[in-house]
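Use these hints to put chains B and C onto chain A, whose structure you have.
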Amino acid sequence: MKFMIALLVMGILTQNFTLAKFLGICPFLGVSKKLNTAVGMSLAVIFVMLLATAVTYPLNMFLEAHDLVYLQTIVFILVIAALVQMVEIVLKKYVKSLYNALGIYLPLITTNCAVLGVVILNIDNISAYSAYGFGFGHAMVSSFAAGAGFMLAMVLFAGVRSRLETADVPKSLEGLPITLIAAAIVSMSFLGFTGIVEGMGLL
Amino acid sequence: MKGKDIASIVKTALSLFLICAVAAAALAYVNSVTAPTIASNSAAAADKARGEVLPEADSFEEKTAPDGTVYYVALKDGETVGCVFTTSAKGYGGDVEIMTGVNADGAVAGISILTINETPGLGMNAKKDAFKDQFKGRSGELAVNKDGGEIVAITSATVTSRAVTSAVNQALALYESVAA
Amino acid sequence: MAEKKKYNYGRELTKGFLRENPVLRLVLGTCPTLATSTSVVNGVGMGIAATIVLICSNIAISALRKVIPSKARIPAYIVVIASFVTIVQMLVKAFVPALDESLGVFLPLIVVNCIILGRAEAFAGKNPVLVSAVDGLGMGIGFTAALFCMGAVREILGAGTFLAGIDTMIGGFVDLNGFTGFDFTEGLSRTGLAPMTVFILPAGGFFTFGVIMALANRLADRKGLPKAELRGCEGCPHAAVCGRSECAAEETKETADAVKPSADKKPAADEPPKETDAAAPAGNDGKEADAQ
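Residue numbers (numbering that gives the first Met the number 0), protein chains in the order written: chain A, 0 to 202; chain B, 0 to 179; chain C, 0 to 291.
Next up, chain A with everything else stripped away, as it sits in the complex (with noise of 0.2 Å):
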């Protein structure tokens, strides 16, 4: 159980997937002027990302098992692509209002790699963290963390990014370049919670 708030706690403040590990960085950037589609968009991801785990992850055992692990990666991208689109499919069927929320993220995940990269980590963590037992219920809180971690960065630098609008900052600047500014910034202020996991005893 504290191994699992470890990784709560890893994913979502001091390993946060899009200001320290630099995955899902298009959509940070891209998708965040707004709150409501920041939050629509992070949900979506979130989404993606446990499904993925949750298929990926019997998937990779399957290819170790027989010596396949070469095709990792490009097993792992496509299960991503046809999830998103079956999804996609899903949801516009059966699950309108859902669809009418998320749906127009969705295509926009299949190549975002935060996705690919949360899949990826998983199997790297069954040997960093073999000492800790991690398994499939570690992997889905990891997966779930690392998309929360996603989501509160977008939805802090929405707040960051409507004030900045209003800002007068000098002509080269203006744009995407004083966006990423403020995201150092952003970025800079997780860095007060180094520490947090080995202070609280977590790990």
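Keep in mind the hints are simulated off the structure, nothing from the lab. Do not rely on the hints blindly, as some may be mistaken.
Restraint ranges, calculated between C-beta atoms of paired labels, are given here [said to hold, decoys possible]:
#	chain 1	residue 1	chain 2	residue 2	range
1	B	A44	A	F135	50 to 56 Å
2	B	A129	C	G177	15 to 21 Å
3	B	A44	A	E173	47 to 53 Å
4	C	I169	A	R162	45 to 51 Å
5	A	I88	B	V69	47 to 53 Å
Quick partial rundown of chain B residues pointing at chain C, CB under 10 Å, derived from the structure [as the list claims (entries may be wrong)]:
#	residue
6	A12
7	N30
8	I37
9	N102
10	S155
11	T157
Virtual Cβ for every residue (Gly too), placed ideally from N, Cα, C.
Frame of chain A, contents of chains B and C only:
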């Protein structure tokens, strides 16, 4: 469904299938070519690391400790001159894996860092000789200076320094258990 | 088709350097740029790995462009790219293990580097083999150059070194006479100074990227080119989110009739071959490359 549609679906599926098959075959081939090199690389790296932490040894023999840990006995001209252990401890960015060479008299002969994923410029400085050489010749229970010990921790990277120290302590304890 | 068109190979090659630099002008591949530019050697290693994948995938996709059905375009591209990424990954593991270790998860993540899928979709899928290879090389050099600049600034300011670790990367192929990179830290500490570690931390990555992009904007402004924008993300799929109406309409139409994982792409197959010169600077290039 019209026949034309079915034909187009079949054509699409077939071409995708062909691309996948060619890709898988190519990957299998490259894997068969590179796999031996990758394996010998890591074996050579492990051998080199063992030689670094116990320079006086000329060969190593794999053994298993009573608790199941695999370690290496260092030999020189057939005589045991020490042991090499691989231990790990939790650092700031994941596990820090350390290889420790222990002399026949139970002191550290040298350490080598196998896996480390700490902050560049901070925890990563553990790889520097200035930090690693502090462990040479020490024995007993080690601790970093912040915890009242003799190991000078890396500036702003106490967590990493503690992890390395704790891994070395584990190795020394393992040595006690196998030497006894 | 495009074959009859005359290509200016020099222009195709150099457009990636500054005019359509994938990182600084098209804002593609931001994740690997930020993550692997902690040192010059790291960044250039990433750049070269991605360039090799880019050239190979451009050649393969261009050669297969008439065989791949337009509906199955994106999955086919992904398979081709993923195969080359895996091949490069295996070669790196076998011959430059130090690079594999330092790039970590970002080596397999080249698959979703939107520069590569973006070039496949915007260029290689519509143009002949040779010019696609040149395009891939130019874009790859542009990517590597941007990573070199980022890496140099971050390494010198953040770690106080330059080209550190070069021996572990190319030491096996070239005799470096014991050269292991420059180290300024000792000289610095004699004056009582220390490197500004924040530059190699994630925060410094964002900051350096922002400043370098501002400089590139200024340079481009003098040459009369438009500013860097998030074309990669504000292209088709994101437009619906970002509120640009003309693309939003296209996106809705797309999702409605697409059945393959190509819903996020515009129907490029029935589109006339695109002008490949920079007259419309990057207008469409990489536009459909997605969120990474």
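Self-check item: Restraint satisfaction for B:I37 [CB to CB of chain C, less than 10 Å]
Solution: holds (5 Å)
Practice problem: May I ask you to test the interface hint for B:N30 with respect to chain C, counting a Cβ-Cβ separation under 10 Å as satisfied? | Solution: The hint holds - B:N30 has a Cβ within 10 Å of chain C, the shortest such distance being about 6 Å.
Self-check item: Interface restraint verdict for B:S155 against chain C (beta-carbon cut-off 10 Å)
Solution: holds (7 Å)
Quiz item: Between B:A44 and A:F135, is the Cβ distance one that fits in 50 to 56 Å?
Solution: violated (32 Å)
Quiz item: Is it true that the C-beta distance of B:A129 to C:G177 lies inside 15 to 21 Å, as the hint says?
Solution: holds (19 Å)
Quiz item: Between B:A44 and A:E173, does the beta-carbon spacing fit 47 to 53 Å?
Solution: This hint holds: roughly 49 Å between Cβ atoms.
Self-check item: Hint status (Cβ of B:T157 to nearest Cβ of chain C, threshold 10 Å)
Solution: violated (15 Å)
Quiz prompt | Range hint 47 to 53 Å (beta carbons of A:I88 and B:V69) holds or violated | solution = Roughly 50 Å apart at Cβ, these two residues keep to the hinted range, so it holds.
Quiz item: Any CB of chain C closer than 10 Å to the CB of B:A12?
Solution: Holds, about 8 Å.
Quiz item: When the nearest CB of chain C is found for B:N102, is that gap smaller than 10 Å?
Solution: Nearest chain C Cβ about 29 Å off; hint violated.
Quiz item: Is 45 to 51 Å right for how far apart the beta carbons of C:I169 and A:R162 are?
Solution: holds (46 Å)
This entry does not satisfy hints 1, 9, 11, going by the numbered hints stated previously.
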